[in-house]
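Number of protein chains: 6
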Amino acid sequence: MISPITKKTAVKIKKLEIQGARNIAIAALRAIEETARKSKAKTMGAFLKEMKQNCEVLVKSRPTEPAMRNGLNYVVKKLSNTKHVSDAKGLVRKGCEEYITLMEHAVEKIAEIGSRRIKDGDTIMTHCHSSTVMGIIKKAWKDGKKINVICTETRPRFQGRITAKELVSFGIPTTMIVDSAARYVMNDVDLLIVGADAVTADSFIVNKIGTSQIMLAAKEARTMSCCACETFKFDPVTLSGEWETIEERDPKEVWENPPKGLKIFNPAFDFTPPQLVNFMITELGIITPYETGMIILERYGKVV
Amino acid sequence: MISPITKKTAVKIKKLEIQGARNIAIAALRAIEETARKSKAKTMGAFLKEMKQNCEVLVKSRPTEPAMRNGLNYVVKKLSNTKHVSDAKGLVRKGCEEYITLMEHAVEKIAEIGSRRIKDGDTIMTHCHSSTVMGIIKKAWKDGKKINVICTETRPRFQGRITAKELVSFGIPTTMIVDSAARYVMNDVDLLIVGADAVTADSFIVNKIGTSQIMLAAKEARTMSCCACETFKFDPVTLSGEWETIEERDPKEVWENPPKGLKIFNPAFDFTPPQLVNFMITELGIITPYETGMIILERYGKVV
Amino acid sequence: MISPITKKTAVKIKKLEIQGARNIAIAALRAIEETARKSKAKTMGAFLKEMKQNCEVLVKSRPTEPAMRNGLNYVVKKLSNTKHVSDAKGLVRKGCEEYITLMEHAVEKIAEIGSRRIKDGDTIMTHCHSSTVMGIIKKAWKDGKKINVICTETRPRFQGRITAKELVSFGIPTTMIVDSAARYVMNDVDLLIVGADAVTADSFIVNKIGTSQIMLAAKEARTMSCCACETFKFDPVTLSGEWETIEERDPKEVWENPPKGLKIFNPAFDFTPPQLVNFMITELGIITPYETGMIILERYGKVV
Amino acid sequence: MISPITKKTAVKIKKLEIQGARNIAIAALRAIEETARKSKAKTMGAFLKEMKQNCEVLVKSRPTEPAMRNGLNYVVKKLSNTKHVSDAKGLVRKGCEEYITLMEHAVEKIAEIGSRRIKDGDTIMTHCHSSTVMGIIKKAWKDGKKINVICTETRPRFQGRITAKELVSFGIPTTMIVDSAARYVMNDVDLLIVGADAVTADSFIVNKIGTSQIMLAAKEARTMSCCACETFKFDPVTLSGEWETIEERDPKEVWENPPKGLKIFNPAFDFTPPQLVNFMITELGIITPYETGMIILERYGKVV
Amino acid sequence: MISPITKKTAVKIKKLEIQGARNIAIAALRAIEETARKSKAKTMGAFLKEMKQNCEVLVKSRPTEPAMRNGLNYVVKKLSNTKHVSDAKGLVRKGCEEYITLMEHAVEKIAEIGSRRIKDGDTIMTHCHSSTVMGIIKKAWKDGKKINVICTETRPRFQGRITAKELVSFGIPTTMIVDSAARYVMNDVDLLIVGADAVTADSFIVNKIGTSQIMLAAKEARTMSCCACETFKFDPVTLSGEWETIEERDPKEVWENPPKGLKIFNPAFDFTPPQLVNFMITELGIITPYETGMIILERYGKVV
Amino acid sequence: MISPITKKTAVKIKKLEIQGARNIAIAALRAIEETARKSKAKTMGAFLKEMKQNCEVLVKSRPTEPAMRNGLNYVVKKLSNTKHVSDAKGLVRKGCEEYITLMEHAVEKIAEIGSRRIKDGDTIMTHCHSSTVMGIIKKAWKDGKKINVICTETRPRFQGRITAKELVSFGIPTTMIVDSAARYVMNDVDLLIVGADAVTADSFIVNKIGTSQIMLAAKEARTMSCCACETFKFDPVTLSGEWETIEERDPKEVWENPPKGLKIFNPAFDFTPPQLVNFMITELGIITPYETGMIILERYGKVV
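Going down the list, the sequences are from chains A, B, C, D, E and F. Just so you know, we're using the working numbering here: the first sequence kicks off at 350 and counts up by one. Just so you know, we're using the working numbering here: the second sequence kicks off at 350 and counts up by one. Just so you know, we're using the working numbering here: the third sequence kicks off at 350 and counts up by one. Just so you know, we're using the working numbering here: the fourth sequence kicks off at 350 and counts up by one. Just so you know, we're using the working numbering here: the fifth sequence kicks off at 350 and counts up by one. Just so you know, we're using the working numbering here: the sixth sequence kicks off at 350 and counts up by one.
None of these hints come from the bench; they were simulated from the model. Where hints are given, some of them may not hold.
Intra- or inter-copy, both count: the list cannot distinguish identical chains.
Unchecked claim - Restricting the straight-line Cα-Cα distance to at most 30 Å, the calculated cross-link-like pairs of lysine-lysine (BS3-like) are:
(1) K389 - K438
(2) K468 - K495
(3) K612 - K398
(4) K409 - K443
(5) K468 - K601
(6) K612 - K495
(7) K601 - K443
(8) K612 - K488
(9) K488 - K427
(10) K612 - K601
(11) K361 - K468
(12) K514 - K398
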């Protein structure tokens, strides 16, 4: 039985009325919580079936959204040893609350942890615009560390400009470069921090196109590099061998009026292998990139 | 004694009325040839002094132009064992002619040699716009090789669009990517060819910003990479420890209206170390990148 | 007290009447299950002692067989907090069943997970003959992916021919090369999949001689490489510092009639360090090679 | 309420009357045990508060001492689900005993495990003086393995001489080199073993200055390298982004009477990244360097 | 005018009545010498034309034979500044003699030079069978150096057995391995010596399939590696961008009766890039692999 | 016929009455010049024989002195096409003068060239004490560049203290570290400059023990590294396969009173492979490390 709130939420997600990883996850969790609360299931079997069906509808409304998927799995996993529907309803409510709180605190926690890795006088480099990374840099600045930031412009959408504007508005000394100039200045960088859209079970970081290239240049120069990422972006479906799909975006982003016959390939993300990353900043703390698989295994259990 | 033609040419170069490495070199050589021809010097000492003074004026009109500098040195070096002014005048004329011919034939020769390294079905990647590289690609295409080309857009000036337009106009299947996507597609590339603005005595390639980053990604992927470059771009002043100056260009190229307080660093070139380059395509033939120093030593002699 | 079934099974294993990692493990587990069922021990102390003695006899019948060793340890470990012999007998039975099921499902599960990492049109390379790897390739083929496979001949025993025959019999386009040609064709390979005979606590993969050499060539070429391996091959004795023994095999395998005086060194396996492996395909899911130690620690507990 | 024993112990630690990682940890644990035993707290809340205050005083007496910090955390963490003060007191006593035993057994265990990785005839290299490493080498020697050891002199304090003296007194063939000669002899080394003062959550090894340089040379030569280290040196504060402070020591250690105006930089330790380490020898067993973060996470819980 | 001796020789080469790099080169040189001697050309123009036509016929009789091609070019190049036919005839005779002597002495010279790089007690590894490499090893052995040799069997044609037999017949302690075991034993090797069939202008070594893989393993282990090669195998056509063709040999060599449908790829050679080679042993002396291009340029002149 | 001056000079060199590479070379050249001047040889054959005999005596007086050996070879090589003794005597005199002048100017020239590679604000690192390197640093300082220098202490003989004293006496801000701290500070270094005692034909740099280790750390950190070296230290005997002997020095240098039974290995030099060196600063100009072989070949001719 698909509940009215599930249906409504799924539609809103599909129509992009709800968007942004965290907003989508919150909406889905609230839908499942209401579904559980209003459920008329008499037996645990029936209740579980209902939960799973509703989750499936929500997940299908945006398949490549690990934060939502992980949230729903987190809630459902709690029910495995429960015997009574009433207990189960309580666990669903508790699970949803926990997960939302987790997400809300994660960015804050990462800012706190990550900023400790920035030293007074450091030159930080970042790529694209990540609010998680911004949180770290701003926290370090507020703590009185005199840092300066080099940010790429991030073609084709220039998200680096958002980063630059925000940093400058805080008074943080900021230098912008074209993406291609990253290796050129790398020897002057103390810490390269990038965000992530997803992290796979085999520890590849999925982030804005160009990330892997800059991380490679950092490794060559022995510049410390890291990825700041909430663990709810660790994607358990990759445990089962699924591969993150790289969105291919509109060629117009690259060139408004290209000559006829020209093909433009415009991937949104790339994969950074773990050997190019020195450490991960997560809300659990600083970990090595190789530990994401264990955390996925522990949190979401084995492959179904 | 600075001749009228030297003065006139130097002014035109300074005012950018003459531009482009080859055009500048040709104009300077013609100026020096006329100066020699009309010289009234009676002794070799006087003639040599005059030649050197005129060369100096020309070189100073654009100090970072190795093609012109090399051309003038090539001519003057011929005079070292000459005893009579009349012989010397002949040698200047001969030297100028030889050098101009050398430059004229070099691009053509490189196209011929380089195209042999392209196999039917190859995917070629290039960065920025280099007429030397274009010559190679077009020769391979004319020879009936079914290739396709991936070109970067080359921020901030989008010279990759010139490359793309030209290739498409020839009917060559071409795909454009943003600079950041180079590593993403590298495993599908058979040969990466870049040009050069200058090559140093210790074999660093000076080319459009981003070159070293793409070459690094090619090395990581064991993709064959090369640099197509006329030897008159090998810069003998680097033998003496001079370092190529990297032009820092107008920030407006990167962002027309940046927020107040933002610094934009916009270097035009970067350095690619020889260990990232598999081979060089020169008009002398295919050589390794490590041989540029020997060629400079042999051609221009020791450090003065 | 060594039970009759233990004695009988141990003899059969020693005499190679039972062979193959999985068959040996199953026979040993069935022996221990029967031993437990028929045990006349009155106290847990006596029962545990009996179990351990019987396990020891079985393990000693083939010391370098991690699958059997792990299975017996898995069963015995379950008894640690049990107070009554009757409960313990139940746990032994349950443990044996679980472990056998685990092994039976593991290969199937790995085929399912691993095949998801193969894309339509991929060129797969493999070395030697591994039924785990074959499972993956055949699953991908059944799922309609148009792949082709490059297999080495695998000197000295030509196990690659078994691989080739099997693949060709399924209609999968297959190319054979001599072992030495692996690096030559590596740039055309999309995914290199090898199996494993054992994986150590410090994450070295023990597999057919030549594996590490091919994996090194894959790393150099940025070709994705992985190892498909059931976790019951992760060897807990390596946690205690024991090192996998590399079997040295009959020189006749290499050269039937060698000249007198020639020494032939014929190791059966080699060690591939984790930095040459991109990911592991296990029945738990895709993990990084560095996580084997944690899985051993968690599953088999600390060093005894 | 700070107990008299806590106060007394803290003073002794500050005054260096108690020194050495293990001695400090034992003294602190005994202080906290006595404090707990004599506590007059009526409620768990009060008891817990008292415990934490006393721990804080002890930790502050020497902030960069992970062994003590970990020991106290180990004890306090045990109290999280306890409801009665009497139970809690028992748990504190048990925790202290467990931890002291753990430390006492760890070095012994590591000697046993590590020595198994040494083969008859091996050449071992070590740097500085580590009793953990010495334990391994001496165990291997006692077990009859004919090894020989190369030890650096370890400037500026010549701790390598302590190592050399001790090894020679055992009759172990030993060769000393200056620190700079490590790469020169590396191709003749079978196993490089270093100790650790601390290991961070992102798996950097903090050890005597020069360690990272020698480990780099080992990696270049594919010489097996490892770090022998009790897990109580894994530092959980690094999980929160804290960075180990590298002590800068007296310049006189380097040069007694330097010329006026000369600055001498004399760091005591350096950081070795995990990619330069093949494996860790801990009392839990052989693990990869990348697993330290997971062990910290599991043992000490999340970041507070 | 094609001379009778040229015609006859060309036929013999085509029919494989003359074979082996050196024999072919000698026959061709003798043919051109006789042609010159008997020439009836009156002018230098006519003589030169005749020489070139005859050379062309000879070269075309076996196009991928650098030793012959180089020899003929060596002779013809001598004529460039000659004015009289009689002088030219003398130069041809002199050139032929010089080149034959050069080839005859080269192997001997390389044995002498190369053997100096072998130290008493060294373990040498080699791949395939190269008389140049054999010369080095045998010279070292005759000089009383107690060495031992590891040789690969070299699939698919087992040329390693020729190497093994020859070494054993000299009493040199020799161990054979399958090709795949090279990396396994590499840490025990002091010097890896391979031969070459050709060396390109960009310093890639063309040698028996598997060479690049073994050289890669040597580099990873910091084992000194070198290539022993007469400079007449340096191929000047690669200067012009021509690429050495890799002969694809009969699949039967790999598997006599393969299953129907199986493709067998059997390349005879591979390319080793110069960064995997420490030094070259040539008859000119020890050089780095990067100097082949300069030697080709100097010896054979610019690209025609 | 060995001349009196040759005999006298050889004795002085043997007795160390003349020492230092340049002084020895100058003395030997003056001896040979006097020998030539006073020669009573009537024929070129006799004269040449006399010259070679005298050179041999001088060379044998100190066999591992490339500067002297090269100087004498330089002089003798000039005589190869001479027909008259009187001309030959002139050539000997001229050769000696040229070579002495070359040596005298080389250090100065290198200072000039090398200092151009130092930029205002650079941090320079050096190892041991090299007057060639000091010349570069002092020239840069005199030219007004605000640099600072990090120097190692250079165990066991503390030559780094000579470097430090000299730099401080010039007012150059200088920091000393122990050799082991090089990698620790490497990310802050802009240019690492080392000297050389000899350079081999295959481009290995022979310099103070520890050089290769520091160069490796520089490469890892993409810190620019170079070697400053007069070309008369390029050693032509290495062309013939001879290997530079590494002097093993008195153990007392490492430890005055070592415990009985301790072996101390104290090599004076190590080998740095060319791939760890970005460029060479020679009096001919900046070259890559791979060009030393060509310069040896050109200057000293082929292997005899």
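Checked hints:
no.	hint	verdict
1	K389 - K438	within (11 Å within a copy, 42 Å between copies)
2	K468 - K495	both (8 Å within a copy, 25 Å between copies)
3	K612 - K398	neither (47 Å within a copy, 51 Å between copies)
4	K409 - K443	within (24 Å within a copy, 38 Å between copies)
5	K468 - K601	between (41 Å within a copy, 28 Å between copies)
6	K612 - K495	between (45 Å within a copy, 16 Å between copies)
7	K601 - K443	neither (45 Å within a copy, 54 Å between copies)
8	K612 - K488	between (43 Å within a copy, 22 Å between copies)
9	K488 - K427	neither (35 Å within a copy, 33 Å between copies)
10	K612 - K601	both (11 Å within a copy, 28 Å between copies)
11	K361 - K468	neither (44 Å within a copy, 33 Å between copies)
12	K514 - K398	neither (49 Å within a copy, 46 Å between copies)
Violation of the numbered hints given earlier is confined to hints 3, 7, 9, 11 and 12; the remaining hints are satisfied by the structure.
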